[in-house]
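K.L.:
Single-letter residue listing:
Protein chains: 2
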Amino acid sequence: MTFSFQLEHRDGGTAARAGRITTAHGEVLTPAFMPVGTVGSVKTLTPDDLRGAGCDVLLGNTYHLYLRPGVDTVRTLGGLHRFMGWRGAILTDSGGFQVMSLNELNKVSEEGVEFRSHLDGSRHLIGPETAMRIQDGLGADIAMSFDQLIELPAPIEKVREAVDRTLRWARRGLDERARLRGEGRGVMALFGINQGGTDAAERARCFATLRGLEFDGYALGGLWVGEGRTLGLEMVERDCAEFPADRPRYLMGVGHPVDVVEAVARGVDMMDCVLPTRNARRGTVFVSTGRLVVRNAAYARDERPLDPECDCDTCRKFSRAYLRHLFVSGELLGMRLASVHAVHQMISLVRRARTAIAEGRYAAFRSEFLDKFRSNETLVRAAS
Amino acid sequence: MTFSFQLEHRDGGTAARAGRITTAHGEVLTPAFMPVGTVGSVKTLTPDDLRGAGCDVLLGNTYHLYLRPGVDTVRTLGGLHRFMGWRGAILTDSGGFQVMSLNELNKVSEEGVEFRSHLDGSRHLIGPETAMRIQDGLGADIAMSFDQLIELPAPIEKVREAVDRTLRWARRGLDERARLRGEGRGVMALFGINQGGTDAAERARCFATLRGLEFDGYALGGLWVGEGRTLGLEMVERDCAEFPADRPRYLMGVGHPVDVVEAVARGVDMMDCVLPTRNARRGTVFVSTGRLVVRNAAYARDERPLDPECDCDTCRKFSRAYLRHLFVSGELLGMRLASVHAVHQMISLVRRARTAIAEGRYAAFRSEFLDKFRSNETLVRAAS
Numbered sequence: 000m001t002f003s004f005q006l007e008h009r010d011g012g013t014a015a016r017a018g019r020i021t022t023a024h025g026e027v028l029t030p031a032f033m034p035v036g037t038v039g040s041v042k043t044l045t046p047d048d049l050r051g052a053g054c055d056v057l058l059g060n061t062y063h064l065y066l067r068p069g070v071d072t073v074r075t076l077g078g079l080h081r082f083m084g085w086r087g088a089i090l091t092d093s094g095g096f097q098v099m100s101l102n103e104l105n106k107v108s109e110e111g112v113e114f115r116s117h118l119d120g121s122r123h124l125i126g127p128e129t130a131m132r133i134q135d136g137l138g139a140d141i142a143m144s145f146d147q148l149i150e151l152p153a154p155i156e157k158v159r160e161a162v163d164r165t166l167r168w169a170r171r172g173l174d175e176r177a178r179l180r181g182e183g184r185g186v187m188a189l190f191g192i193n194q195g196g197t198d199a200a201e202r203a204r205c206f207a208t209l210r211g212l213e214f215d216g217y218a219l220g221g222l223w224v225g226e227g228r229t230l231g232l233e234m235v236e237r238d239c240a241e242f243p244a245d246r247p248r249y250l251m252g253v254g255h256p257v258d259v260v261e262a263v264a265r266g267v268d269m270m271d272c273v274l275p276t277r278n279a280r281r282g283t284v285f286v287s288t289g290r291l292v293v294r295n296a297a298y299a300r301d302e303r304p305l306d307p308e309c310d311c312d313t314c315r316k317f318s319r320a321y322l323r324h325l326f327v328s329g330e331l332l333g334m335r336l337a338s339v340h341a342v343h344q345m346i347s348l349v350r351r352a353r354t355a356i357a358e359g360r361y362a363a364f365r366s367e368f369l370d371k372f373r374s375n376e377t378l379v380r381a382a383s
Numbered sequence: 000m001t002f003s004f005q006l007e008h009r010d011g012g013t014a015a016r017a018g019r020i021t022t023a024h025g026e027v028l029t030p031a032f033m034p035v036g037t038v039g040s041v042k043t044l045t046p047d048d049l050r051g052a053g054c055d056v057l058l059g060n061t062y063h064l065y066l067r068p069g070v071d072t073v074r075t076l077g078g079l080h081r082f083m084g085w086r087g088a089i090l091t092d093s094g095g096f097q098v099m100s101l102n103e104l105n106k107v108s109e110e111g112v113e114f115r116s117h118l119d120g121s122r123h124l125i126g127p128e129t130a131m132r133i134q135d136g137l138g139a140d141i142a143m144s145f146d147q148l149i150e151l152p153a154p155i156e157k158v159r160e161a162v163d164r165t166l167r168w169a170r171r172g173l174d175e176r177a178r179l180r181g182e183g184r185g186v187m188a189l190f191g192i193n194q195g196g197t198d199a200a201e202r203a204r205c206f207a208t209l210r211g212l213e214f215d216g217y218a219l220g221g222l223w224v225g226e227g228r229t230l231g232l233e234m235v236e237r238d239c240a241e242f243p244a245d246r247p248r249y250l251m252g253v254g255h256p257v258d259v260v261e262a263v264a265r266g267v268d269m270m271d272c273v274l275p276t277r278n279a280r281r282g283t284v285f286v287s288t289g290r291l292v293v294r295n296a297a298y299a300r301d302e303r304p305l306d307p308e309c310d311c312d313t314c315r316k317f318s319r320a321y322l323r324h325l326f327v328s329g330e331l332l333g334m335r336l337a338s339v340h341a342v343h344q345m346i347s348l349v350r351r352a353r354t355a356i357a358e359g360r361y362a363a364f365r366s367e368f369l370d371k372f373r374s375n376e377t378l379v380r381a382a383s
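Quick mapping for you: the protein sequence lines, in order, are chains R and V.
Mapping of the first sequence onto numbering that gives the first Met the number 0: residues 0 to 383, in sequence order.
Mapping of the second sequence onto numbering that gives the first Met the number 0: residues 0 to 383, in sequence order.
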């Protein structure tokens, strides 16, 4: 198994850390932001675009790839890396989030989650063992434990039950990986997921057991599902204070630049989110001074790039006026160029965070970033 | 004015020619295929993609750009080249085709064509003078004369009237360019358009006048509108036999590989068509052995590239299986990767044609191409 994590720097003024994950598909610098390649592509972008943006790790969705093209097809074609032409690392989620959120008619039992495909209505079951076998078949560098999600807020008994089941499923997933390894497979790293929603005591209780299991890293589960930034960050701070320093910490589903900067300050190493690229396809991008709505009429003759401080391919070559025109005209190139910026912007953000951590000035970096991000100054129309 | 055409080679066995057009935005090797950048982008592709495919000239649509973002906006932003980030040559059409084909309620008079915008219903008139001013404002390297199109088949009197009006409009366009040049503008080259549909006598009559006007090149108009390949190619042969050897010849709206190869054999220098890229976005591409429907189930596990003989970025990096998956899943990256192939395939075709002409073996090139193109051999499922 080729997986290791080196903690390289700890910031003095915050809990921020900088590290390096080694995988069979190269190194991943942390803090890391993972673009989401839902069904085998980060929408509109090629692997070359992603590399060009400095990306070293992607997230692939187990649920989507399991249904289409199917794990046997992906395995036959040499695994997800080869299938999609991506040479960097891949983390796959467990499928747990999608089987719950994309399926109204799912049935949760001790065995797993039974659901109907959102594509053709066919019936399937994914449980802790199948989730391992699928992720192994896809060829993930990092797999995620299959956990039970519940809708929040929920009565405390519900939260407890979900925590207990998540822990039983965590053991079963580890056992299944061990079984696969016995067959010469299952080389992937495996991350456990801490649950308990926004109940600090439940999260602590969950991790008390989880820490005893042989996971290669730990994820912060059940957060950023509507609880609000303040409470979410409180839970992040709590979990990170307890997680062992020598394992990577992954905050799932977080991708707003402010959340990223705040989570890193609390000790998070990895994040993923569709938000930046989904927003980009809809014509809204994050720039260093906030949010920019590309089709705003104010940009019709604005020759400046989306973000004058960005050195992505889009910002080096195209004006706001052109991008606005593409969006107003419904041209697909607009989505693509905005997505190039969006991915570059997030990766550049975590890279700058990493440098600040290495130099022991993360607190200053964070306040400068937040002040500027909230300034909205590029939204003012260019003099013309 | 920076525009010249050098005829460099004539094939011995056919009427095919190889040449070189010089513009203020670089050289254009002929035979040339021009991808169509309808509203300021060749859909899904960047200028870098186009350059990577060997493209040296694009077509821009006057009608679309006139309506959105508008010629004043494009001019203010430094012209179409700068607006879209394209450093190569641009030929703009006159808008005549769109004002007729996208507008049921157009009114043709001696002044021009009055039409309603397909975007917002607003009323506009484009005539021979406005067509010049718009193309000049866009910054075209090569502008097209505003001609009158009619639906075919049509009674001979209708054809004659359209020819006569096209000739009057041709003179007015030239006069308008002269007037613009008096103001220090109008640097673009201007091509006249021969009309007369599939009536050889009318085409001859039209050109008898057109040849006396100071056009920098000549286009073959009113063809590939449903008359069929045989009759179309007959008209091409007729026109080319009459057109002066020292001016480029542009066959409008032609882009099927077989038509391209046949038109070049008859002396055509330039062509354009949305067909290859439009087909590509819908999941059908031309390959060296014919047509390939990407979402065909036979390709689900086919590791070969779309065209094993193609060296485009898509064929060098991605399998049919992956492209099929992208199309079946509705991923925009599929359209983009297929478009990269489509443009590369057409430009590579005219480049190989050029080499064959230079080596005096175009007849052999043509028959080898046609034999292979019609073989459909890559459509057979890969052994697996």
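Treat the hints with care, as some may be off.
The list cannot tell twin chains apart, which means a pair is met if one copy fits it or any two copies do.
[Stated by the list, open to error] Below, simulated SDA-like cross-link-like pairs (lysine to any residue); rule was C-alpha separation at most 20 Å, straight line:
(1) K316 / G78
(2) K42 / D55
(3) K157 / F96
(4) K316 / G87
(5) K157 / A357
Hint data in this document are derived by calculation from the structure and do not stem from the laboratory.
K.L.:
Is it within, between, both, or neither for K157 and F96, if the alpha carbons may be no more than 20 Å apart?
P.N.:
within (17 Å within a copy, 66 Å between copies)
K.L.:
Given a CA cutoff of 20 Å, do K316 and G87 count as a within-copy pair, a between-copy pair, both, or neither?
P.N.:
Classified as between: cross-chain Cα gap 15 Å, same-chain 26 Å, threshold 20 Å.
K.L.:
I want to check one pair: K316 and G78. Are their C-alpha atoms no more than 20 Å apart within a copy, between two copies, both, or neither?
P.N.:
between (35 Å within a copy, 15 Å between copies)
K.L.:
Between copies, within a copy, both or neither: which fits K42 and D55 at Cα up to 20 Å?
P.N.:
Intra 17 Å, inter 29 Å, cutoff 20 Å: intra-copy only.
K.L.:
For K157 vs A357, is the C-alpha pair at or below 20 Å within one copy, between two copies, both, or neither?
P.N.:
Cα proximity of K157 and A357: none, with 42 Å in one copy and 79 Å across.
The structure does not agree with numbered hint 5 stated previously, though it agrees with all others.
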